[in-house]
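Protein chains in written order, with this note's numbering: chain G, 3 to 372; chain X, 3 to 372.
Treat the hints loosely; a few may be bogus.
Copies of the same chain look alike in the list, so a pair counts if it works inside one copy or between any two.
Pairs of lysine-lysine residues, derived as DSS-like cross-links and limited to a Cα-Cα distance of at most 27 Å, are as follows [said to hold, decoys possible]:
id	residue 1	residue 2
1	K81	K47
2	K75	K284
3	K359	K302
4	K47	K201
5	K14	K47
6	K302	K47
7	K132	K354
8	K81	K302
None of these hints come from the bench; they were simulated from the model.
Number of protein chains: 2
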Amino acid sequence: MFTLIHKDKNSKARLGKITTQHGQFDTPAFMPVGTHATVKGLLFKDVREAGAQIILANAYHLFLRPGIEIIKKAGGLHKFMSWDNPILTDSGGYQVFSLALFRKMYDRGVEFQSHLDGLKHFLTPEDVIKIQETLGSDIIMPLDQCVQYPCTKEESRVAMERTVAWAKRSKDAHGEARGSLFGIVQGATYEDLRGDCAKRLVDMNFDGYSIGGVSVGESSNLIYNIMELVVGLLPLDKPRYAMGIGYPFDIVEAVERGVDMFDCVIPTRYGRNGTAFTSGGKITVRNATYTEDFKPLDPKCGCYVCQNFSRAYLRHLFNAKEMLGLVLLSLHNVYFFLDLMRQIRQAIKEDKFTQFKQMFLMDYNNQICA
Amino acid sequence: MFTLIHKDKNSKARLGKITTQHGQFDTPAFMPVGTHATVKGLLFKDVREAGAQIILANAYHLFLRPGIEIIKKAGGLHKFMSWDNPILTDSGGYQVFSLALFRKMYDRGVEFQSHLDGLKHFLTPEDVIKIQETLGSDIIMPLDQCVQYPCTKEESRVAMERTVAWAKRSKDAHGEARGSLFGIVQGATYEDLRGDCAKRLVDMNFDGYSIGGVSVGESSNLIYNIMELVVGLLPLDKPRYAMGIGYPFDIVEAVERGVDMFDCVIPTRYGRNGTAFTSGGKITVRNATYTEDFKPLDPKCGCYVCQNFSRAYLRHLFNAKEMLGLVLLSLHNVYFFLDLMRQIRQAIKEDKFTQFKQMFLMDYNNQICA
């Protein structure tokens with residue numbers, strides 16, 4: 003499934019390729035998030051044209067609405083949403099933790115109340131695998147238990163133990179032919195718990211390994227340390243995925259530590275709020291300073307938006323509350339993240355990742371575009 | 003500017019071509035509306051791909067926001083919005099009538115209060131020409147005075163006389179090199195006033211003629227009668243434009259009476275509300291009946307949306323309040339209107355417009371798609 007193509011000479015950054023039932027994608031990869039079977043506001047042809055090779059969808063949301071039966075009748079998630087490339091689905095563990103009105107964890111599974119209508123549901127790890135297999139996911143996540151930050155060691159240990167037990171049951175329940183299955187490393191900010199979790203999952207031999215429960219409120223340094231620790235315990239021949247990461251600077255730090263896959267709602271969420279990511283930092287297009295600024299969002303960017311529209315026009319759209327403003331900023335941001343990954347892959351190929359990271363962070367942090 | 007290519011043998015329907023500074027467009031033509039320099043929610047490349055050859059923008063809205071100076075500095079409206087094809091601009095006469103918080107008409111011009119911030123503005127017919135010339139419009143409308151429906155004959159006469167006087171002043175003020183100028187026929191539902199207005203405008207020799215003040219609440223029959231009467235008084239070698247028309251059935255009726263150009267916000271407005279136009283009538287995608295309907299919106303439609311997505315998926319997007327639902331329905335509807343015009347032009351070419359109209363209305367009115 004994973005082919006390691008090249009390792010950067012001066013860091014742990016890796017260039018790879020992952021093969022799925024719906025084609026390949028290059029790593030390090032960024033997966034735009036399509037929670038409700040849509041990358042918010044964007045046509046899939048534009049998402050694809052921006053360089054997306056794989057997207058993420060949320061099993062929790064799709065289970066609640068429109069419901070798995072409808073997607074099954076549509077011929078699976080790929081057909082339902084008309085995306086013919088790889089899809090990774092999240093198990094819902096994080097959504098039950100962050101969105102559900104109420105949740106109670108048992109060894110047997112999780113009981114929760116839908117954030118949409120308050121109805122109660124009970125899902126076992128086996129149910130969650132079945133749901134994602136029915137969706138037709140190319141990469142499946144097992145049910146896991148997240149904890150808030152900060153969290154006592156004892157609570158973290160209970161959640162980690164349950165995550166490991168559920169990972170085992172998920173592996174047993176998973177039909178080999180239907181999508182790859184990753185193991186999710188939990189353990190909060192406790193190095194020994196993380197290490198223990200990683201080793202036990204590796205022993206079960208998953209198709210890849212996710213680092214879960216990061217970026218839930220802890221400092222960047224804590225995130226990077228945990229990633230470094232966990233990645234060090236994972237086999238070289240399997241992909242590593244940092245769930246929900248992150249900002250551009252988080253991505254380059256994680257790549258340097260050997261992480262291969264990322265997803266985040268940031269590009270579309272910030273786009274809807276009028277914030278553009280650029281090689282020179284973030285821009286808030288509504289600001290009066292852009293009223294007569296006829297430059298593109300990012301003069302270095304090759305996206306449709308930067309090739310066609312000025313900051314002044316985009317500011318006008320946001321001021322006039324025009325939907326196209328949200329669409330164009332989302333599209334630019336998605337392109338920006340995907341283009342960052344292209345640049346990262348090129349730098350690794352040339353054994354120049356460390357220099358690339360330095361240059362990128364210098365421009366990005368100096369706000370040269372603002 | 004206007005080339006009459008073919009007249010249908012059995013009706014007054016005409017096939018033509020209009021040449022502007024930004025290229026040609028075929029008539030009968032439908033112009034998607036881009037009020038704030040954006041066809042709501044749609045990328046211009048998709049609007050173009052859907053078949054739009056010309057769009058309409060509103061001078062009133064752009065005058066208020068972002069302001070003409072900014073668009074001038076951007077290099078004109080085409081550059082500002084990145085649309086390199088023809089643009090027709092409305093004069094604002096209708097918006098002053100329908101949107102402004104307050105308005106007072108003088109022979110000299112119109113005083114109104116912005117619907118955005120309550121600020122007072124005074125515009126003469128000469129100002130309105132200057133504004134559209136600065137925007138760089140390919141087809142310019144003079145300031146006119148609309149009246150509500152119903153309206154007394156005396157009020158209608160005063161508004162019509164003012165419209166004619168302003169048309170003359172607009173023509174004198176208009177620099178020949180900068181876009182075509184149409185005359186706008188007013189006169190409410192009074193045949194003699196309409197006739198008088200049309201004749202006097204024709205004597206001034208405009209580049210084309212608009213029928214204004216229709217579809218403001220009067221019955222369809224009244225609209226069709228007025229269009230027939232007015233078109234009968236207009237020269238064959240100039241284009242005729244029915245402003246703000248309309249529904250698909252209104253468009254085919256108007257084409258049959260010799261009208262060449264149309265604009266309407268219906269495709270995007272209905273799209274945002276979850277209503278799709280199809281060859282078999284209108285569909286409200288939110289309806290429960292489409293929950294497991296995996297057919298496209300319109301099985302006869304060749305648009306991106308119908309080629310890729312089912313009613314069940316679109317219903318899901320609207321239920322989940324996903325922006326993409328609004329975007330996709332708007333895109334389908336714009337395509338539907340533009341495709342209707344393509345079919346109309348083909349039918350005229352083959353001298354089969356009357357049969358086409360009958361077949362189209364039969365399917366459309368019978369709701370065969372619902």
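Structure-based check of each hint:
For a Cα distance limit of 27 Å, the shortest separation of K81 from K47 qualifies both inside one copy, at 14 Å, and across copies, at 25 Å. Proximity of K75 to K284 under the C-alpha cut-off of 27 Å is restricted to the inter-copy arrangement: shortest distance 25 Å between copies versus 43 Å within a copy. Only within a single protomer do K359 and K302 lie at most 27 Å apart by alpha-carbon distance; the minimum there is 17 Å, versus 52 Å between protomers. With identical chains, the CA atoms of K47 and K201 are never at most 27 Å apart, being 40 Å at best within one copy and 51 Å at best between copies.
Within a single copy, K14 and K47 get their C-alpha atoms no closer than 33 Å, and across copies no closer than 41 Å, so neither meets the 27 Å cut-off. Proximity of K302 and K47 under a CA criterion of 27 Å is satisfied in both settings, with 23 Å inside one chain copy and 22 Å between copies. In this assembly of identical chains, K132 and K354 lie within 27 Å of each other by CA distance neither inside one copy nor across copies; the values are 43 Å within and 56 Å between. Taking the shortest Cα distances, K81 and K302 sit within 27 Å of each other only across copies (20 Å), while inside one copy they are farther apart (36 Å).
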